[in-house]
Structures are given as structure tokens and as C-alpha cells.
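Asker: Quick one: dock chain against chain with the hints and give me the complex.
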Amino acid sequence: MSPLSERIQEYLPLLVTGLWQTVAVTLISLVLASALGLMWALMRSSGSRWMSLPARYIVEFLRGIPILVVLFYIYFVMPEVGLDLTAFQAGVMGLALTYSCYIGETFRGGIEAVDRGQIEAAKSIGMKHGKMMRRIVLPQAFRIALPPYGNNMVMLLKDSSQVSVISVAELTMQGKMLASSTFDNMTVFTMVAALYLCLTIPLNFLMRRVELKMGAAT
Amino acid sequence: MIRFENVHKSFGKHEVLKGIDAEVDKGQVVCLIGASGSGKSTLLRCVNGLEDYQSGRISIEGETIDAHAASIHAIRTRVAMVFQRFNLFPHMTALQNVMEGPVHVLGEDRREVRARAEDHLRRVGLAEKMDFYPSALSGGQQQRVAIARALAMRPDAILLDEPTSALDPEMVGEVLAVLRDLAQEHMTMLIVTHEIQFAREVADGVIFLDQGRIAEHGSAEEVLTRPQNPRTQEFLRRVTHPI
Ligand SMILES: Nc1ncnc2c1ncn2[C@@H]1O[C@H](COP(=O)(O)OP(=O)(O)O)[C@@H](O)[C@H]1O
Ligand SMILES: [Mg+2]
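As you go down the protein sequences, you meet chains B and L in turn. Be aware that the first sequence starts at 1, since it is given in full-length UniProt numbering, and climbs by one per residue. Be aware that the second sequence starts at 1, since it is given in full-length UniProt numbering, and climbs by one per residue.
Just chain L, with the same shape it has in the complex (with noise of 0.2 Å):
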């Protein structure tokens, strides 16, 4: 679904990808993991063009991603994107959040999108909170509400770049088990994590990056549990034994 065939991208002279190829298939789970600063970020915003890139190609079910063409629009409603730090919109409820891309920019039936958006934030665990503004909300229910509001675009795809990572501890969880939710009905996920065993267990695949390179690219066993590289090897050890 989502194909990356030899993409480069620089920030001036400063090379962050170096040649990226990989693929997500439809209902697949990828987590992407890497040190800080390895490129994790860039590829993913790619992805939906928030950052153009340089050369090779990016494309979601055979379209190609340029973020200077007309159609980067349309790609973007079929590609969400969950932010580290949410991104709510602050002068609008939970709900309007979460209606805002449908109404505005889809131009669906304000009524058909309140029920389903009611029904987004219902099953994020947030029937209580629909019309409470952001600043009101905790950090994880700020971001499951941003979870509702890529959900109730109906994409084809999320793009999650360390969605826990702002969180206090006592809040990954409640994030984690609605990605796990989403992982058990086979939405495509692109999912950048630190959250190791929470990949063990809903990636399909996984990805790691290497100062802008694929350094290994396999199922989350092969990846997470036998990894041969050994830049993987250092890097699961620093993560999962921090010292």
C-alpha cells in the first residue's frame, strides 16, 4: 500500500535518508525504530508531505507522494497522521476536532459525521469528554482524541510518530491499548515507537532505521528478538536496558 523505492531526502547538505526502500501493505502493522535523529520522523512526514524529498519515490497504492503537486491534498485525507505532541486544536471540543476534517475538508453531512465521531470517541474511551476543550484533557486523552480525529477521516493509512513518547508513564498505556485495538482490526499503521514490547506484539513488521538507512527490516521477531545487525543488537539493549 504505502511503497518507499530508493528515497533520499536532505535538509541543505545534511543527507537523512539515504536510500529508503520498503513497503506496508494493506492492513499491516510497521513499527519503525531507531536512535534519535536516525530519520524516523522525516521518512514518515514524507510520507503524507509535510517534507518533500529529493529523489526516488514515495507512493500509496501505486500514486506517487509529491509534496508540491495539487494532489497532496487529496493524499492527506487518506493518510492520517497522529503527532507526538497531539496537535488538538485548542479553540475547538474534542468533537469538533475530531469533526473538523470530515466536515471542512471532506464536506460530509454534519450529521452523519457527528454520529460517527460520537462513536470515534467512544470507543477511544472518551464518551465522558466529547465536549471538553483540549487544554481540559489529560496528555493521553489528548491524544486519543487525535487518534479519533485520523480515525474519523477514514484513511487508508495512519502515520503515528512517537505517539507515547510526551506522555507521563501512567498514561502510555491507555494510548497503547487503542493502538492495539486499531492493530487487531488491520488498520495500516506506520507506528514510530521507543515502546519495544508494545511492537513485539502488534507489529507485523519492523524497521530499523540507521542514521537515515535501513539497517534491518524484518518481522518484529526477527527484528526485536534475533536481530543481526549488530547497530540493532546496541540499540534494543540501550532501549530495553536503559541505564
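Chain B extracted, bound-state conformation (with noise of 0.2 Å):
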């Protein structure tokens, strides 16, 4: 075998090809995950069983099925309705429906963690439903739900390595090929969790230095 500075620099290129991808499915599926994850928490707070009884039964149907599955689901079953996605698209679809639901009741603790008090005031100058989530509840709400927000965050990343089943070309996926390829398990496997430390351990810190900001601005 070459030396080990000559294979690092050989398997670098194609796992950091891998990187890029997982951040690009990870960024994308948090972009949706949230918006959805918005939306079942707005609807979950909206006061009308209409809107919050079937946001808390697709949440909780969801959440009862395992990740791999409802990407196997998407990426195998979809298909056969006439749904073809990339193996891409079934898994940004994948982990942002999942995590919609973990974000979304991130949120919604938010939004009940919110002071009742500042409802009631909310109302008393005459805000309609809409306009006192908008600019009193949420902005309160989102404050709150940061930390945890910040964890659903690093997990879906973690996650995204979930993504490889349906052969998405992320970085587990990459170091997988280049393990079997290569046989040499050691220096992939360890190449890739490097990597992926390399973003959970600046996104953890930065976490945290968000949160302190926002604790001393209140």
C-alpha cells in the first residue's frame, strides 16, 4: 500500500464531492423541512380543529414510520404512481418530510412557551389572529425554539447519511464505494467521519454562540 499522506490525498477529491452533496441535501431538505415544519405548528395553534386536527395526524404518521423506510417509499413506490424522482429528489424529500415533523414540534413548544400574557395583549390592541403570531407570538416563539432548533439542525445533517440507501451520492455514500474499492476501511471511514465532524463541530459552535447572543438581547 502507498503511504498513507499519498492515499489521503488520493481519496480526498472524491469524498469531498461527497461533502458537497451532503451539504446541498442537507441545507435543501432544512429549507423545506422548516417551511413544512412552520406549517404544522401554525396549524397545530391556528384554534381550528379543521387546521390542527390533520396537521397532528400526518405529524403523528410521520413520525411512526422509520427514515429509511419513507425513503425507500418515495425513491420505490412513487415511481409506480407515475412520481419519478432522482434518487436526489426522493431524498431531500425524504428527510424534509421527516424532519418536518420534529421541527415542526420544535416550533410548536415554541409557540405554547410563549407567555399567555402577551396574547392577551396582542389581543387587546385589537390584533387579528394572523398579524399576533406574525409579529408578537413567532418572533418570541422562534427565540425559544433556537436551541433546539439548532439540534434538529446537526441531526439532519447527521442524517443525511440516511440518504445513501437510495444511492445518493453523499459523503457515506462516496466512502462506501471507496472503502469497497479500495479495502482500505481504515482510512476511508475515518477520512469521513473527519469530514463529517468538520461541520457538526462549527455548526455546534456557532449554536451556541447564537444562543448566547439572543439570551443577552433579552
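Check each hint, because a few of them may be wrong.
What the hints assert, rightly or not - Taking beta-carbon pairs under 8 Å as the criterion, some of the chain B residues facing chain L (in silico):
1. Arg7
2. Gly117
3. Lys128
4. Gln140
Unchecked claim - Here are the in silico distance ranges between beta carbons for each label pair:
5. B:Ala24 x L:Ser135: 37 to 43 Å
6. L:Ser165 x B:Gly109: 37 to 43 Å
7. L:Ala115 x B:Lys131: 46 to 52 Å
8. L:Arg122 x B:Val23: 33 to 39 Å
9. B:Ser46 x L:Arg226: 39 to 45 Å
10. L:Glu112 x B:Glu112: 48 to 54 Å
11. B:Ser46 x L:Asp119: 45 to 51 Å
12. L:Phe132 x B:Val23: 37 to 43 Å
13. B:Arg134 x L:Glu23: 46 to 52 Å
14. B:Leu12 x L:Arg110: 53 to 59 Å
15. L:Phe132 x B:Ala193: 21 to 27 Å
Hint data in this document are derived by calculation from the structure and do not stem from the laboratory. Every residue gets a Cβ at the ideal spot worked out from N, C-alpha and C, and that includes glycine.
Answerer: Next up, the structure:
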């Protein structure tokens, strides 16, 4: 075998392409999951049964299915009903759906933790529900939800490795292929782990900074 | 202006208001006193629809107040409320708190509102604190911002639910002074309070509420100095000479 430094240089470009895919999958899923999650949370706290019940059932339904099964379902079953998706699209969709539940619950927790007095004060100046949510409740709810939201983000990043099962060429997938072609499991997977840490450690650090800043602002 | 006609209100089986008849005239200050749990807050909250009531009628200038009707939002812009615990919006400065309703609910011109809001804050003695967040203000200062927030709506009447009860004793005076000013300018106010001396000074009328009923209703002099009802006498003895 060639020396370690050479092997690392040889593997790195491929793994870095995987890393970018991981970043892309994570970011797009995060945006979609956050938007969907916000929708679930708003439906649940709308005060209307017609809104809150469907949201509650959708979330409970999705949360009861393992993420791998969601991915298989979207990738293998959807084409049969005419929805052809690339592996990347299916992966993003599966992650977004699954994480919309966690993120939705996080937002809902934030909304419910806002002091009742805030809602009464908003009502007492004549605000209607929508404006009250936008201007009074959500800004405070986001602040409360920020630490758990940060956790969701890191978990989503790590769970993006799951989409390797439907052959999305992200970091874990690239590692698996590289390892099986070189048999250099130790080097390859150590590099894969290190590359994940290159993302998660700064992310954790950033979240802590933001939390501190937010905490200081109130 | 604000009129209660045989108002009944229950929480489940528990009847909290048992037929309230009363009236607050324009420019009047009416103080609502009574023991804890007698229904004072509930009565106040029915006026701006934070609670509903089961029967009877509450009206403002002839318009019926119904917490479930679409009209309630418009009514709330005319009847401001000041809470025991201030309930300022923590993510907004004092000035933004005061401007919020006129700008974002009434849709008034931001610059005009700003000038007016600054006036209101100056009036309540907070010229220096306009750009402070509530967390940087004392309780008394926060309550004065809350009063300015109410005034900025240019309401027909203000409801105040124990506005000084959550304050440290040394801050009670500054808030009462602001309310005294407002009373002098004939702002219509319905105030739940335990400050008997204050009520004696400013109230045109005093209502003593006892277990969901009006036990005594009259001028401040009548109710506070020469109460007829033994329950009023007993209550006043307890609040003015706490053991
Ligand atoms: N949201 C509520 N649900 C059930 N009971 C309530 C609620 N709010 C108040 N009550 C009851 O109504 C009664 C009157 O309460 P309240 O109006 O707050 O009295 P006060 O302001 O005079 O102390 C009390 O017995 C209280 O327990
Ligand atoms: Mg009360």
C-alpha cells in the first residue's frame, strides 16, 4: 500500500464531492423541513379543529415510520404511481418530510411557551390571529425554539447519511464505494467521520454563539 | 358609555358573575374593589372580550360586546387594557411597544404615530427610556410604558386590572401619579385596585364586588367612607388595616 499521506490525497477529492452533496442535501432539506414544520405548527396552534387535527395526524403518522422506510417508499413506490424522482430529489423529500415533524414540534413547543399574557396584550390592542402570530408570538417562539432547532439541524446533517441507501452520492455513499474498491476501510471511514466533524463541530459552536447572543438580547 | 346589564358568567359549573348591573359614564373613573376571587378581573376581561359571558349584555356606547363576534377586534381598539403584569412585548423597545397598535392595527402613519408615542412616553416620565427594551426597565417603568401603549390607541376607555399589584412598594406611587393625571383629564377608566386611598381621591364611582355580585355601588365617599353593607365594611377593615 502507498503511504498514508498519498492515500489521503487520493481519496480526498472524491470524498469532498460527497461532502458537498451532503451539504446540499442537508441545506435543501432543512429549508423545506422548516417551512413545512412551521406550517404544521401554525396549523396546530390556529385554534381551528379543521386545521389542527389534520396537522396532528400527519405529524403522528410520519413520525411513526422509520426514515429508511420513508426513503424507500418515496424512491421505489412513487414511480409506480407516476412520480419519478431522482435519488437526490427523493432523498431530500424524505428527509424534509421526516424532519418537518421534529422541527414542527420544536416550533410548536416554542409557540406554546410564549407567555399567555403576550397573547392577551396583542388581542387587547385589537390584533387578529394572523398578525398576532407574525408580530408577537412567532418572534418570541423562534427565540425559545432556537436551541432545539439547532439540535434538529445537527441531527438532520447526520441523518442525511441515510439517503445513501437510495444511492445519493453524498459523503457516506462515497465513503462506502471508496472503501469497497480500495479495501482501505480504516483510512476511508476515518476520513468520512472527520469530514462530518468538520461540519458538525463548527455548527455546534455557531449555535452556542447565537444562543448566547440571543440570551443577552432579552 | 360602558354598560353592564344583568351579566352572568360561568367557568363550567362555577358561576363567577351573578347578574351584574352597572354603568361607567364618559369621563368617569370607576374603581372596582373586592376580595380575591370575587370576579373583578373576569368582569373587566368581559368588557374587551378576553372572556365571554353567558347571558345579559355588556355594551359600549350602545354597541354590544360579544367575544365571539368579528366586531370584537374593532371594539378592542376602542377599549384599551392595562394588565397587572404589564405584558409588554419583550422583543420591542418601549417606543415600539407604544407604536405597535396604532401602526400595525390601526394602520396609521408611522411618523405621526412616532411623534405621538414619544409624547405619551414623555408624559409618563419616560423620555429617557424610549429605546430601552422592557427587560431593562423597572416594574414601575414597564407599567408606565403599558399605560402609554394604551393611550396611544386613543381609546374611549381604559381598563386597568390591579395596575400596581405586581410592583415593589416604592414604585406604586409613580404609576398612581400617572393615573391621577389621566383621571384629571377625564379619561374614562375602570380600575380594579386595592389602593383604597387612591380610589378615594380619583374615583367618581366605586363598585364593591362580593362573590360575583355587586354588594355596594356608589360614590367613593359612600362606599369607602360610609359603607352600608357589612361585607364592604369588613373588606375595608382588612385592606386598610392589614394584620
Ligand atoms: N380561566 C378560568 N377558568 C376557570 N375559573 C376561573 C378562570 N378565571 C377565573 N376563574 C375563577 O373565577 C373566579 C373569579 O376570578 P377573578 O375574576 O380572577 O377574581 P378576582 O380578579 O376578583 O380575584 C375565581 O373563583 C377564579 O378561580
Ligand atoms: Mg384579579
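Asker: Now tell me if each hint is right for this structure.
Answerer: Okay, the hints, checked on the actual structure:
The restraint placing Arg7 of chain B at the interface with chain L is violated, with a minimum CB-CB distance near 53 Å, outside the 8 Å limit. Satisfaction of the interface hint for Gly117 of chain B is found here, the shortest Cβ-Cβ separation to chain L being roughly 4 Å, below the 8 Å cut-off. Nearest Cβ of chain L to the Cβ of Lys128 of chain B: about 6 Å, under the 8 Å cut. The hint holds. The beta carbon of Gln140 of chain B is positioned within 8 Å of a beta carbon in chain L (closest approach about 6 Å), and the interface hint is therefore held.
Our hint of 37 to 43 Å for Ala24 of chain B and Ser135 of chain L holds, since their Cβ atoms are close to 40 Å apart. Between Ser165 of chain L and Gly109 of chain B the Cβ separation comes to about 31 Å, which falls outside the hinted range of 37 to 43 Å. A hinted range of 46 to 52 Å is violated for the C-beta pair Ala115 of chain L and Lys131 of chain B, which are about 23 Å apart. Between Arg122 of chain L and Val23 of chain B the Cβ separation comes to about 53 Å, which falls outside the hinted range of 33 to 39 Å.
The hinted window of 39 to 45 Å between Ser46 of chain B and Arg226 of chain L is violated, with their beta carbons roughly 53 Å apart. Look at Glu112 of chain L against Glu112 of chain B: about 37 Å separates their beta carbons, and that is not inside 48 to 54 Å. With their beta carbons about 38 Å apart, Ser46 of chain B and Asp119 of chain L fall outside the hinted range of 45 to 51 Å. Between Phe132 of chain L and Val23 of chain B, the C-beta spacing of about 41 Å keeps the proposed range 37 to 43 Å intact.
Hint check: Arg134 of chain B to Glu23 of chain L, Cβ distance near 38 Å, so the stated range 46 to 52 Å is violated. Between Leu12 of chain B and Arg110 of chain L the Cβ separation comes to about 55 Å, which falls inside the hinted range of 53 to 59 Å. For the pair Phe132 of chain L and Ala193 of chain B, the supplied restraint of 21 to 27 Å is violated, since their beta-carbon distance comes to about 48 Å.
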